[in-house]
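Order-wise, the sequence lines are chains G and E. At position 614 of the first sequence (counting the first as 1) the number is 614 in this note's numbering, and the numbers step up by one without a gap. At position 144 of the second sequence (counting the first as 1) the number is 144 in this note's numbering, and the numbers step up by one without a gap.
By construction, these hints were calculated from the structure, which means they are not laboratory data. None of the values given here were measured: they were computed from a predicted structure. Don't take every hint at face value.
To be verified - Derived coverage of chain G by chain E (criterion: at least 3 residues anywhere in the stretch with Cβ under 8 Å from a Cβ of chain E; other residues may be distant):
{"hint": "1", "region": "227 to 234"}
{"hint": "2", "region": "282 to 295"}
{"hint": "3", "region": "617 to 631"}
{"hint": "4", "region": "659 to 667"}
What the hints assert, rightly or not - Taking lysine to any residue and the SDA-like style, the derived pairs with C-alpha atoms no more than 25 Å apart in a straight line are:
{"hint": "5", "chain 1": "G", "residue 1": "Lys195", "chain 2": "G", "residue 2": "Arg169"}
{"hint": "6", "chain 1": "E", "residue 1": "Lys84", "chain 2": "G", "residue 2": "Arg234"}
{"hint": "7", "chain 1": "G", "residue 1": "Lys295", "chain 2": "E", "residue 2": "Glu43"}
{"hint": "8", "chain 1": "G", "residue 1": "Lys295", "chain 2": "E", "residue 2": "Asp31"}
{"hint": "9", "chain 1": "G", "residue 1": "Lys603", "chain 2": "G", "residue 2": "Ile671"}
Stated by the list, open to error - A few chain E residues that don't get close to chain G, going by computed Cβ distances all over 12 Å:
{"hint": "10", "residue": "Gln8"}
{"hint": "11", "residue": "Leu14"}
{"hint": "12", "residue": "Leu56"}
{"hint": "13", "residue": "Thr63"}
{"hint": "14", "residue": "Asp67"}
{"hint": "15", "residue": "Val69"}
{"hint": "16", "residue": "Ser113"}
{"hint": "17", "residue": "Asn120"}
{"hint": "18", "residue": "Glu156"}
{"hint": "19", "residue": "Lys159"}
Positions of the beta carbon are idealized from the N, C-alpha and C atoms, including for glycine.
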Amino acid sequence: MNEERIAGIEWEPERYELQVASQYHFNLNRRQFFKALGSGIIVVLVLHDCEVLAQESGVRRGGTPGQRLPQDIGAWLHIGEDGKVTAYTGKVDVGQGSRTELTQVVAEELCLPVTSVRMVMGDTDLVPFDMGTFGSQTTPQMAPRLRRAAAAAREVLIDLAAAAWGVDRKELVAADGKVSHPPSKRSSDYGQLSKGQKITTAIPDDLSTTPPDKWKIEGQSVPKVDGRDFVTGRHQYASDMKLAGMLHGKVLRPATFHAALDSVDTKEAESLPGVTVVHDGNFAGVAASTQNDAKRAIAAIRAEWKSQPQPSGREIFDYLKKNSTAGDDRSGHSVGSVPEALAAADKKLAQTYTVAYIAHTPLEPRAAVALWEGDKLTVWTGSQRPFGVRTELANTLRIPEASVRVIVPDTGSGYGGKHTGETAVEAARLAKAAGKPVKVVWTREEEFTWAYFRPAGVMDISSGVRNDGTVTAWEFHNYNSGGSGIRTPYEVANQRIEFHPVESPLRQGSYRALAATANHFARETHMDELARLVKMDPLEFRRKNLKDARLGAVLDAAAQSFGWGKIKASPGQGFGIAAGVEKNGYVATCAEISADRAKGTVKLVRVVTAFECGAIINPDNLKNQVEGAVIMAIGGALFEAVEFENGRVLNPHFSTYRVPRFNDVPTLETILIDRKDLPSAGAGESPILTLAPAVGNAIFDASGIRLRSLPMIPNGLKQEA
Amino acid sequence: MAATIELQVNGKKLRANADPPRSLLSVLRDDLDLAGTKYGCGEGQCGACTVLVDGLPQRSCQTQAGDVVGKPITTIEGIEQDGKLHPLQQAFLDVGAMQCAFCTSGMIISGVSLLRRNPNPTPAEIVRFMDGNICRCGTYPRIVAAISNAAKMLKEAAK
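Pulled out of the complex, with its shape left as it was, chain E reads as follows:
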């Protein structure tokens, strides 16, 4: 018998089949049409599948969907609010912090989570926090710059 679970994704309650146990990544992409979260390695090594669970970054390929029932989940599709980009999304565009952009969703989710816990990160802190996310195109310095710029934008907005 199919076991239906209810997930809270981007502020919406969504139902999915989780029997047999499946990864959150598979549920998001295959069932919930939230394909912005990417498969990059399936072993938690590249960060392309990062989502926020309870506000904390989590590798959705390593997360069982059944384990996050009742917890708020944010994917890249939930970062833009009312048609307005998050400052980090805007900073990615301003800095040109992408090439093929396949890593971008995971980078932005990780970066948003960093900025929530540390609104004023130094470049070294950004590097340390982001080191689990791979960009094969090598846009790392631009991503560091984008996160720094977004921190400034957030500070301006808070004034």
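Chain G on its own, in the form it takes in the complex:
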């Protein structure tokens, strides 16, 4: 079987056989794809036993955090005879700028302008397997991979030129899409060098790539690739796709969460002209030639649901603590003796912090278009996990993965909220029944209700501190929201840190930075409370307990730029500071607010953010990500919360679920620290961490009111007092 599969691929087998144990993952389409690439240079990579940390999400299935990657072979890069460079990746662009960044990486190593490189992203028939776009892994994992693939191709081109001209390869220079030999003034462009040959190469181990201090294209603020398509409305998102004969699909939604379909009568819907009705297991849906017809048909279905009583928002935090399990070992951490340290502490503090369920609300709701051609299914969808959606489709439709192709066009955002393939499955099931392509686009209400949420959580902290400001005891329990960012970056001799999973009443999952936001809110608020307890300046207090130089550097940078300690707050004005680290992104925030206790209003006036994530690949894109994360954080910090009662969401609209708008944006200042000596880390998530505690600490500074629940002022400051 393996032999047969390998037959179509033309490179020496022993190279990767040494590395690859057994399970090949490629299929007929992949083989055809390799053939279709034609001649030129193909850089292949063998992923061997590569454990990629699966991002911890609120959903736990008792497995290990890592998941074994399929042993897959794919092409990372192709240089055609026409000199066109195409790079392939399973990562997708949901607005974080990965397409631009990865294009820069390839262009850098091949010494080409960015316009000469095309990225093929998130097409499961064309790109090597990828776990998905999450966990800030595109920059630390995919960028080095493509950098090396491009460098490998460059070395092959130099070898080809050396052989063709009979010269020493050391005398050859690759630049501007050409290999040149300055002594003899010979040069040849990339396409010509590979003409008539089909060369496949793996990436050698001893390959050197350009160091950050020598970067010419990386390190630059290259504007968004294909930007013109977005400002002219030409870019086709999945929800914009239109195929010949395509129908619009709609799905019957349960009356409440966890409701079972008791009985369903589809007779009336079926009698409507041009309507396909599907009732299959717990799924009922329709397809019709217009959205209106589909809506009418769904309304004509009579269904009875069986619901169970479910916890509501007002009791959620009690529920989470009562239903929690023992500490999860994976994120657990214990050092010294917390009880002894607490007994010996000059001052002690025990407090509880909470965060609400919030919704991602990507502006493009979930969308998919499904097309069956015989047994072959192709689905265009907006997802952060094209291969995950492929598996979901294969499993639910009981067809081989090899028969499924998932294509993810650059998508209208995700923020961790598009890891699943709901619309893909719905559209595929309906299209199968209708015998025509079907598009399913969720309404905003569906997106607010039937997607998944950032987990709600409860954090209990018990701490001890000496009068000189040394934190001596730190006990931290997180219920439900997760283990990301749960460890304290401060030096504390006695610690006990535990995450307690809970079976969540609402469907929950990943979200930008996950539980690190909740854990940082609790920790950095508590640190502020401890600083007040020992009458120390909050910055000085943090500095006293901190050894991590990178975290210290962002703290100092934010404080200096803000004028911390130099400016005095006037009445009603408050300053707050917070710092944190997650996935090698170091962030510190200083916030200024003005509060009117009589009116109960709080205005966020100014936010200074310092961020460091190693060598910066694209400064303006990074700045954009930091600004965006800060603005998104304002919603979760101040007013966003999913309200729910007995299995129903009460605020599934933008009119009732408030997200940050133009008017909510304070004066922003963003400081980026470029560490060319450190590997680049992802930055789509970590800049979100410290806004909430900095703002909460500023509110306390202004008003003396300590807010320990996110969102902090859904109804203004007064009600919370």
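Keeping the supplied structure of chain G fixed, place chain E upon it in accordance with the hints.
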């Protein structure tokens, strides 16, 4: 019987079926292949579906197609003229005023309409005018900067 209406979109006369009554958004996207105008919420709260009707910004998800017969409609596809970007489109690119860009069509249409009625808006005026448009990626400060820059470009061009 299907009721066919004629709409004037981006300077062209286009026919669409409007029986039963349908939103302008649905007609633009599903019938006229003008998918640059986006569905974001269907309740006029996010601004992704904004188009110009008679030069004024209107939420196409809240507009019945039958109500705008005979009125000039401009969508994002009609902002670029003869292959030349509108200064605001160019400013969006220059400033990097987008991430996922799903809100961009509605932002540009709203911004163009602001610049037509107020060629010299202050940042506060831009914020007030644009507050009905949501960008979940949080590029608001960049959008304000892009509109300010476009105002300058338009003034330069008028000299």
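Okay, the hints, checked on the actual structure:
For the region 227 to 234 of chain G, the proposed coverage by chain E is satisfied: 7 residues have a C-beta within less than 8 Å of a C-beta in that chain, meeting the threshold of three. Counting residues of the region 282 to 295 of chain G whose CB lies closer than 8 Å to any CB of chain E gives 3, which reaches the minimum of 3, so the coverage claim holds. Residue count for the region 617 to 631 of chain G with a Cβ under 8 Å from a Cβ of chain E: 9. That meets the three needed, and the coverage hint holds. Closer than 8 Å: that is the beta-carbon criterion, and the region 659 to 667 of chain G has 6 residues meeting it against chain E, so the requirement of 3 holds.
For the hint linking Lys195/G to Arg169/G, the alpha-carbon distance of about 19 Å falls within 25 Å, and the restraint holds. As the CA atoms of Lys84/E and Arg234/G are separated by approximately 14 Å, the hinted pair is consistent with the 25 Å bound. Taking the CA atoms of Lys295/G and Glu43/E, the gap is near 16 Å; set against the 25 Å cutoff, the hint holds. Annotation: proposed proximity of Lys295/G to Asp31/E holds, straight-line Cα distance about 17 Å (limit 25 Å).
Only pairs whose Cα atoms come within 25 Å are accepted, and Lys603/G paired with Ile671/G is accepted, the gap being roughly 22 Å. For Gln8/E, the shortest C-beta to C-beta distance to chain G comes to about 18 Å, beyond the 12 Å cut-off, and the non-interface label holds. No beta-carbon of chain G is positioned within 12 Å of the beta-carbon of Leu14/E; the least distance is around 16 Å. Even its closest Cβ contact with chain G, about 19 Å, leaves Leu56/E beyond 12 Å, as expected for a residue assigned away from the interface.
The non-interface label for Thr63/E is consistent with chain G: the shortest C-beta to C-beta separation is roughly 15 Å, beyond 12 Å. No Cβ of chain G approaches the Cβ of Asp67/E within 12 Å, the least distance being about 17 Å, so the stated non-interface status holds. Non-interface status of Val69/E relative to chain G is upheld: no Cβ of that chain comes within 12 Å, the nearest being about 19 Å off. With a minimum CB-CB distance of about 15 Å to chain G, Ser113/E clears the 12 Å threshold, and the non-interface call stands.
With a least beta-carbon separation of about 18 Å from chain G, Asn120/E lies farther than 12 Å from that chain, consistent with its non-interface assignment. Consistency note on Glu156/E: stated as away from chain G, and its beta-carbon is indeed over 12 Å from all of that chain's, at 20 Å minimum. Chain G leaves Lys159/E outside its interface by the beta-carbon criterion, the shortest separation being 25 Å against a cut-off of 12 Å.
Checked against the numbered hints above, the structure breaks none of them.
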